[in-house]
Every structure is written in C-alpha cells, then in structure tokens.
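S.K.: Listed below are the residues making up each chain.
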Amino acid sequence: MSRPELAVAVAGLSFTYPGRPTPVLGGLDLEVAVGERVAVLGANGSGKTTFALHLNGLLELQSGRIEIHGRPLAPDTLRGIRCEVGLVFQDPDDQLFMGTVREDVAFGPANLGVARDELEAVARHGLARVGAESLIDRAPHHLSEGEKRRVAIASVLAMQPRLLVLDEPTSGLDPAGTRELAELLPTLQDTQIIVTHDLPFALAACDRAVILAEGHVVADGPIEKIIGATELLARHRLELPFGYPPPA
Amino acid sequence: MSAGHDVVDPRSLHLAGDSGVHRLDATAKLVGLVGFVVLVALTPREAVWVFAADAAAVGLVVLFAGLPPKVVLARLGAIVPFVAFAFFLPVIGTGRRVDVVGVSLSADGLWACWGIIARAMLGAAAAVTVTATTSLADLLRALRRLHVPAVVVSIISVMLRYLGLVTDHLGRMRRAMTARGHDPRWIWQVRPVASSIGTLFVRTYERGERVHLAMVARGFDGTLPTVDPPVSATRVASAWAAIPVLVAASSLAVWTMVT
Amino acid sequence: MIVAMHAPDGFLEPGVAVGCALISVSILALCLRRAAEELDDRQVPLAGLAAAFIFAAQMFNFPVASGTTGHLLGGALAAVLLGPFVATLVVAVVVGIQALLFADGGLTALGYNVVNMAIVPAFGGWALFSVFRRILPRDAGGVVGAAGLAAGLSVVLASIAFSLEWLFGATAPVPFDTVFAAMVGVHALIGIGEATLSALVVAAVLASRPDLVRGALDLPPAVFADRPKVSTRAFVIGAVLVAGVFATVVSQFAFDAPDGLERVATDQGLLANARDHAFSSALFADYATRGIGNEPLSLAIAGLAGSTLALVVGYGIVHASRGRHRVPPTDA
Numbered sequence: 000m001s002r003p004e005l006a007v008a009v010a011g012l013s014f015t016y017p018g019r020p021t022p023v024l025g026g027l028d029l030e031v032a033v034g035e036r037v038a039v040l041g042a043n044g045s046g047k048t049t050f051a052l053h054l055n056g057l058l059e060l061q062s063g064r065i066e067i068h069g070r071p072l073a074p075d076t077l078r079g080i081r082c083e084v085g086l087v088f089q090d091p092d093d094q095l096f097m098g099t100v101r102e103d104v105a106f107g108p109a110n111l112g113v114a115r116d117e118l119e120a121v122a123r124h125g126l127a128r129v130g131a132e133s134l135i136d137r138a139p140h141h142l143s144e145g146e147k148r149r150v151a152i153a154s155v156l157a158m159q160p161r162l163l164v165l166d167e168p169t170s171g172l173d174p175a176g177t178r179e180l181a182e183l184l185p186t187l188q189d190t191q192i193i194v195t196h197d198l199p200f201a202l203a204a205c206d207r208a209v210i211l212a213e214g215h216v217v218a219d220g221p222i223e224k225i226i227g228a229t230e231l232l233a234r235h236r237l238e239l240p241f242g243y244p245p246p247a
Numbered sequence: 000m001s002a003g004h005d006v007v008d009p010r011s012l013h014l015a016g017d018s019g020v021h022r023l024d025a026t027a028k029l030v031g032l033v034g035f036v037v038l039v040a041l042t043p044r045e046a047v048w049v050f051a052a053d054a055a056a057v058g059l060v061v062l063f064a065g066l067p068p069k070v071v072l073a074r075l076g077a078i079v080p081f082v083a084f085a086f087f088l089p090v091i092g093t094g095r096r097v098d099v100v101g102v103s104l105s106a107d108g109l110w111a112c113w114g115i116i117a118r119a120m121l122g123a124a125a126a127v128t129v130t131a132t133t134s135l136a137d138l139l140r141a142l143r144r145l146h147v148p149a150v151v152v153s154i155i156s157v158m159l160r161y162l163g164l165v166t167d168h169l170g171r172m173r174r175a176m177t178a179r180g181h182d183p184r185w186i187w188q189v190r191p192v193a194s195s196i197g198t199l200f201v202r203t204y205e206r207g208e209r210v211h212l213a214m215v216a217r218g219f220d221g222t223l224p225t226v227d228p229p230v231s232a233t234r235v236a237s238a239w240a241a242i243p244v245l246v247a248a249s250s251l252a253v254w255t256m257v258t
Numbered sequence: 000m001i002v003a004m005h006a007p008d009g010f011l012e013p014g015v016a017v018g019c020a021l022i023s024v025s026i027l028a029l030c031l032r033r034a035a036e037e038l039d040d041r042q043v044p045l046a047g048l049a050a051a052f053i054f055a056a057q058m059f060n061f062p063v064a065s066g067t068t069g070h071l072l073g074g075a076l077a078a079v080l081l082g083p084f085v086a087t088l089v090v091a092v093v094v095g096i097q098a099l100l101f102a103d104g105g106l107t108a109l110g111y112n113v114v115n116m117a118i119v120p121a122f123g124g125w126a127l128f129s130v131f132r133r134i135l136p137r138d139a140g141g142v143v144g145a146a147g148l149a150a151g152l153s154v155v156l157a158s159i160a161f162s163l164e165w166l167f168g169a170t171a172p173v174p175f176d177t178v179f180a181a182m183v184g185v186h187a188l189i190g191i192g193e194a195t196l197s198a199l200v201v202a203a204v205l206a207s208r209p210d211l212v213r214g215a216l217d218l219p220p221a222v223f224a225d226r227p228k229v230s231t232r233a234f235v236i237g238a239v240l241v242a243g244v245f246a247t248v249v250s251q252f253a254f255d256a257p258d259g260l261e262r263v264a265t266d267q268g269l270l271a272n273a274r275d276h277a278f279s280s281a282l283f284a285d286y287a288t289r290g291i292g293n294e295p296l297s298l299a300i301a302g303l304a305g306s307t308l309a310l311v312v313g314y315g316i317v318h319a320s321r322g323r324h325r326v327p328p329t330d331a
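Protein chains in written order, with numbering that gives the first Met the number 0: chain A, 0 to 247; chain B, 0 to 258; chain C, 0 to 331.
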C-alpha cells in the first residue's frame with residue numbers, strides 16, 4: 000500500500016458527523032497515482048465534500064487509513080500533509096478571508112515560515128501561475144467570481160502542494176469562466192482530484208473518474224467510459240446537460 | 000435607512016489620494032489622532048478660541064489632504080442626535096437663567112450645548128480625516144504596532160472583510176420579503192424579519208466555521224500573519240502627524256496661563 | 000432620545016471616561032482569555048463573522064409602530080447565542096470600529112460606550128437570562144421567553160448605567176433624577192422592541208441550529224423537535240404591560256418623592272439631618288446634583304440602582320465563569 004508513486008491511498012475510510020445518525024462515508028477505497036487527474040462524481044450527499052476534507056486532514060480520522068505520497072495521515076504528520084495537499088474550497092469567499100489578494104495568497108506561505116521579505120515574491124509567483132498577478136492589490140470582495148476562483152487557487156498553489164483537491168470549482172462560474180478554468184487546470188502539473196457535478200468540465204479537465212454513492216466508490220474508470228455510461232450515471236442522479244452528446 | 004441599500008463597504012471609507020497626509024505613516028496618524036481627541040476632551044468649554052484653533056488645525060488637514068469638505072461633513076452624521084439633544088439643554092437646564100432674544104435660557108445650558116457640540120464635531124471630524132486618508136490594511140497594521148492584541152486585530156480584520164457580504168445578504172433577504180408583499184409597520188408583524196435575522200446568524204456562523212477550516216488547511220496557528228506591502232518610496236516624515244496635537248496642546252497651555 | 004449609546008467625545012467628564020475605560024479594559028482582557036479557552040483557534044473566524052453579524056443586525060431598522068422604526072442593541076441576544084464572554088468581546092469590537100472608522104461614538108468615549116453597549120447588556124443580559132431560565136419551563140419556549148425578557152431588561156440596565164455615569168460626570172445642568180427617570184422610562188419602552196426581536200431571533204435559530212444557541216446547550220436536542228410556539232402578539236402585549244408597570248413605578252419613585260419613605264428612613268436613623276445633608280461634591284458632578292429636589296432620596300435611588308446593576312452584571316460574570324468547558328466544534 001505504500002508505493003511512493005501513489006499520490007493518494009485510501010482504504011476503508013468511514014466517517015459519521017457527530018450528532019448525525021447515519022455515516023456519510025462507509026468504507027471508501029481509492030488509489031490515485033502521481034500525475035493523474037481524477038474527477039469525483041456523485042449525487043448530493045454522496046460524501047464527496049467529506050472525502051475532500053479528509054484529504055487535508057480537516058476531519059478527524061474515525062476509521063480507515065489515508066496515505067499521502069506514502070505517508071500515513073496522523074496527528075504528527077498533519078502539518079506536513081497540509082503543505083502537500085492543496086484544498087480549494089467550494090466557495091471562494093470562504094477561502095479569501097484577508098483584506099487584500101496579496102495577504103490571502105501569502106497567508107499559507109507565511110504560516111509555513113517563509114521569511115517576511117520573501118512573501119511578496121512568493122505571492123506574485125503563485126498569482127502568475129493562474130494569470131492573476133495584476134490582482135495583487137485588490138480586495139477580494141471587489142473581484143468577479145472567476146477572479147476569486149483564480150485567486151483562491153493561487154492561494155493554495157503558493158504553498159507548493161504536490162496534490163490539488165478542488166471542491167466544485169465551477170460553481171458560480173459563467174460558461175467562459177468554466178472554460179478558462181478547464182484550460183488552466185491541466186497547465187498545473189500537480190496530481191489533481193476534482194469533485195464536481197459538471198460533467199462536460201470533468202471531461203475536459205480529467206482523465207479518470209470515480210462515482211461515489213452512499214459513501215463508497217461504485218464505479219472507477221477512464222473519464223470517457225464513465226461519462227459515456229449513461230445508465231450508470233442516471234442511477235446516481237448524474238446527467239449530461241440536456242442535448243449534450245455523450246462521448247463516443 | 001433600508002438595509003437593502005446600505006451594503007457596508009468599509010474599504011470605501013478610504014478616499015485614495017497622494018497628499019502628504021495620505022503618505023504619512025498610519026501609526027503616527029493614529030497616535031496623533033488619539034492625542035488630539037484627548038486634548039479636545041480635556042479643553043474647558045469656556046476656552047472658545049482654543050476650540051477655534053483646533054478646528055482650524057482639522058480644517059487645514061482636510062484641505063491639505065484634498066478631501067472634499069462636503070464628504071467630511073456628511074460622515075459626521077452620527078453626532079446629529081447629540082447635537083439635537085444639546086440644543087434642548089438651554090431650555091431644560093437648571094441654574095441661573097439669562098435672556099436671549101426675549102427667551103429665558105439656562106446660562107449653564109448654553110455653555111453645555113456649546114461644549115457638547117464643539118467636542119463632538121472636533122472628535123468626529125478628526126477621526127473621519129484619518130479614516131479617509133488611511134487604507135484599512137495600514138490602519139490594522141498600525142493597531143498591531145500600538146500593541147493592540149494580535150487576536151483582536153485579527154478579529155477586526157475578518158469582521159471588515161465579511162461586513163459587506165453579511166449586510167448584502169441581509170439586504171437580499173429583506174428585498175425577497177418585500178417582493179412577496181411583506182411590509183411590516185407594527186412590532187407584532189416583525190416575525191418574518193426576525194426570522195431572517197436568525198437565519199442570517201446561522202449562515203454567518205456556518206461561514207465562520209468554513210473559514211476556520213480554510214484557515215487551518217493553510218496552516219493557521221491562531222492569529223493572522225502580517226504581510227507587508229512593498230514600501231512606497233515617498234514616505235512623509237512621521238513628525239508631521241504631531242502638528243494638530245501641538246496646536247491643540249499649545250493653545251490650551253496658553254489659554255490656561257492667560258486665565 | 001438614544002443619547003445613552005454611541006456617545007460622542009466629551010459627552011461626560013474625563014474622570015468618568017477614564018474610570019469606565021479602566022473597567023472596560025480589564026473586563027475585555029478577561030473576555031479575551033475566556034474566549035480563547037472556549038473557542039481555541041476558532042476565535043478569529045467565529046468572532047470576526049459574529050461581529051459582522053452584530054454590526055449588520057444593529058443597522059437593521061425594524062418597525063415599531065406605524066412608520067416608526069427602532070434598532071437592535073444586540074448585547075443580550077449575542078450573549079444568549081455566543082455566551083457572554085464572546086458576546087462582550089464581539090460587541091466591543093463593533094463599538095470600537097464604529098467609533099474609529101465611522102465616527103459613530105467618540106474615541107475618548109469608548110470607555111463608557113463599551114460599558115453601556117457591550118458589558119452591561121451582555122453580562123447583565125446573561126445574568127437575567129439565567130435567572131429566567133430557572134423560572135420558565137425547560138424547553139425551547141422557555142429559552143425564547145427568557146431570552147426576550149432578558150434582552151428587554153438589558154436595555155433598561157444600560158440606561159441605568161448611563162444615568163449613573165451621568166451622576167458622576169454630567170456635563171450639562173440636568174439633574175440626575177431627571178436623567179434617570181427619563182432614561183429608564185424611555186428605555187423601558189425601547190426594551191419592548193428589543194425583547195420581541197431578540198426572542199424571535201433566538202426562536203428562529205433554535206428551529207434550525209439549536210446547537211448554536213449557547214444558552215440552550217443544557218437541553219437535549221430532542222427538545223427542539225417542535226418549533227417553539229410563541230405568539231408574537233401575546234408576547235408584545237405582555238412586554239408592554241411589564242414595561243408600563245416598570246416605567247410607572249420608576250416615575251413614581253423619581254418624581255413624586257413620597258414623604259413616607261423619608262419619614263421611615265429618618266425614624267430608622269438612616270438619614271440624620273436629612274434636609275441639611277449635602278452630596279460629597281468631590282465625587283458627584285455638580286450638574287447632576289444641582290437642582291435635585293430631594294437629595295437623600297436621589298442618593299438612595301442612585302445607590303439602589305448602582306447596587307442592582309453591579310449585582311446583576313457581577314452575577315453574570317461569576318455565573319458565566321463557573322462553566323469552564325470548551326465549546327465543542329459543531330459539524331461543518
């Protein structure tokens with residue numbers, strides 16, 4: 000299980016939120032190799048976001064095992080793993096909590112101990128990777144949805160993670176913004192796990208797809224194959240947009 | 000004041016400019032502000048021309064900073080109820096009465112009215128001047144340097160960041176209610192309004208929890224780190240910030256010696 | 000006549016400003032420590048968002064009667080939702096920022112503004128809430144009722160605090176007893192709006208996330224299955240009656256100066272040479288004491304009001320300090 004070319008190795012992951020009767024995750028197994036771009040599909044409530052939060056060690060590991068690049072997730076490895084796994088949240092406003100873009104992008108590196116006089120350069124570099132360097136002095140709430148999304152990604156990239164996890168990255172974006180994001184993500188060479196509803200976007204941005212249902216993986220395969228399996232998708236409340244032809 | 004039209008954007012308080020006042024160090028400005036306001040509060044109200052000197056000092060700063068006087072005056076709105084209260088004092092005040100244009104007014108009341116209005120206006124105008132010429136980020140950094148606890152400054156920073164979103168949210172809920180014909184006039188019709196405030200609290204708190212997760216995901220350790228922007232080459236000597244304080248202090252000293 | 004809140008610079012004498020500033024700073028230091036214990040590293044985001052909420056909620060004008068609108072003070076509501084330590088911290092931050100950035104309240108007046116708008120309503124409100132919780136049934140309705148009553152009375156407490164500050168630091172020739180009677184009377188009415196709104200807001204929060212109401216954490220979750228049945232009209236009528244009785248009693252006290260009370264006091268030897276007794280002018284502001292018709296009685300009122308205020312707020316602090324437990328993180 001600890002093959003170093005595996006970016007993520009999850010086995011038997013189960014989780015129940017305190018106070019809720021039923022488990023959200025029930026024995027999830029998944030392996031992701033370095034460099035893969037995996038779409039995590041599933042209906043609402045299937046556990047996708049819960050799974051994403053686990054990868055950054057934000058939820059207490061109740062049962063099962065998670066290894067990131069061969070290192071098991073445990074209280075003493077948390078800090079290191081949070082550097083390696085960059086989690087981009089669903090709502091960029093939750094993630095851009097400082098007064099200026101500069102401060103938001105520099106937040107992660109500053110916490111990691113980057114020297115104060117180097118923070119400017121680190122922030123600029125992170126923003127440049129997403130083509131948002133001109134926004135460095137702006138205030139987050141004056142940005143458009145697409146700009147916020149880019150800055151959120153930059154704020155995570157600035158920590159130089161080896162694995163990017165994105166939770167519904169296209170929610171709130173207009174079609175042009177979605178396309179721009181689909182074009183941007185492959186240029187970031189990190190391993191990527193993308194939780195999404197947006198099947199056309201997944202087709203463009205990922206090479207592999209898994210379907211989550213009731214807290215575990217029910218399908219796993221190349222993206223065209225999964226999205227082409229219309230009945231399988233329908234069983235899990237996933238649909239291509241009306242009139243959109245399924246991949247051959 | 001309908002909440003729908005009043006999305007609070009604290010960033011808009013800063014009227015960007017390139018004057019010497021703008022380029023003054025924020026810490027110096029804050030210290031100067033506090034010093035000035037304290038002196039104004041300590042100035043006896045009989046020292047009329049000391050107040051005049053103080054007002055001149057504030058006026059000169061406003062001029063030098065290129066702030067539109069109308070905007071400055073508009074931002075003094077919060078003192079209006081106290082000005083109104085002050086105008087009642089000569090009427091309801093006790094003590095020796097004097098005759099002013101045929102009306103019997105309390106002498107002390109007249110002095111009290113003057114004192115309250117003068118101090119309220121000077122204090123507010125000074126604060127407005129500093130806020131308009133200083134960016135929020137600089138103000139927060141200045142608070143840190145003045146030993147306000149880091150946690151408190153961090154809390155203020157988060158509050159200012161989300162104030163616009165929260166007030167906007169409230170405004171949208173209010174508009175949605177009005178659109179469905181709910182236009183309450185009496186206190187017992189206030190239930191849907193209160194309900195929406197309750198919902199706002201829950202959503203805001205839940206956002207707070209998500210922001211916490213986002214912070215932890217990027218290595219948060221309890222206080223927000225300070226990030227210095229590139230220093231603008233044209234800094235103005237901090238000593239200039241002492242001018243209003245010196246004006247206030249010296250005129251007060253002279254007045255005290257003369258009387 | 001809401002001059003008791005957001006007072007500008009120099010509204011009260013410097014001595015009172017400094018005294019209240021010292022009180023505020025020490026209590027805020029306590030609140031900071033307790034908030035850190037309760038919330039750990041969640042302090043910054045939660046208190047920050049809560050402060051944004053309080054700011055927005057205070058801006059909100061709710062209808063009172065046919066076009067007249069009122070504003071929420073929010074200190075007691077914040078205490079019921081967040082606990083008094085976090086609430087005081089949050090409201091104090093709001094008051095401070097309103098003064099610095101929006102020129103709403105003077106910077107030199109922060110001492111007494113924080114006392115009147117944050118400390119007294121939050122701790123006083125929490126104390127009253129705890130007391131009412133014990134009297135009312137142990138269910139959602141009881142929490143709502145207690146919150147409403149506590150919020151309404153917290154406004155009155157704030158006005159009492161202001162009146163006492165006026166006694167020590169008046170800057171205008173209006174005697175203490177006039178200020179006291181007017182303030183308390185007016186704020187008893189304002190309290191009706193605060194009570195109604197606070198109760199309904201707590202009810203709404205209980206209906207969706209009861210775990211976010213600090214004042215209800217002692218109740219098992221099953222209790223909140225049914226939405227509390229609070230009839231708004233009945234509540235308002237009840238609140239009006241309570242406020243009316245309250246205001247009448249206070250006016251009786253301040254204006255009518257019943258001789259009977261004085262005679263009893265003299266008989267008991269409590270007030271020797273009642274008519275010749277003068278206030279210690281070193282302590283009380285000249286203006287506050289000048290023009291008072293009945294000095295010993297006013298002193299008695301001040302003493303009674305001051306003691307009550309100190310008792311209630313003190314009880315709030317002590318009671319809140321006793322539960323030294325971490326607030327468990329709720330699920331995201």
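Since the hints were made in silico from the structure, they are not lab data. One should not assume that every hint holds.
Claimed, not checked - Some chain C residues close to chain B (C-beta under 7 Å, calculated; not the full set):
1. G9
2. R33
3. E37
4. V43
5. F52
6. D103
7. G110
8. V222
9. L282
10. F283
Ideal Cβ placement from N, Cα and C applies to all residues, glycine included.
S.K.: Each of the hints needs a verdict: does it hold here or not?
M.R.: The hints, checked one at a time:
1. G9: holds, 3 Å
2. R33: violated, 12 Å
3. E37: Because about 13 Å separates E37 (chain C) from the closest Cβ in chain B, which is outside the 7 Å limit, the hint is violated.
4. V43: Where the cut-off is 7 Å and the nearest Cβ of chain B is about 4 Å from V43 (chain C), the hint holds.
5. F52: holds, 4 Å
6. D103: For D103 (chain C), the interface hint holds, since the closest Cβ of chain B sits about 4 Å away, which is under 7 Å.
7. G110: violated, 11 Å
8. V222: For V222 (chain C), the interface hint is violated, since the closest Cβ of chain B sits about 18 Å away, which is over 7 Å.
9. L282: violated, 20 Å
10. F283: It is violated, given that the least Cβ distance between F283 (chain C) and chain B is near 15 Å, above 7 Å.
Of the numbered hints given earlier, the model fails hints 2, 3, 7, 8, 9 and 10; all others are met.
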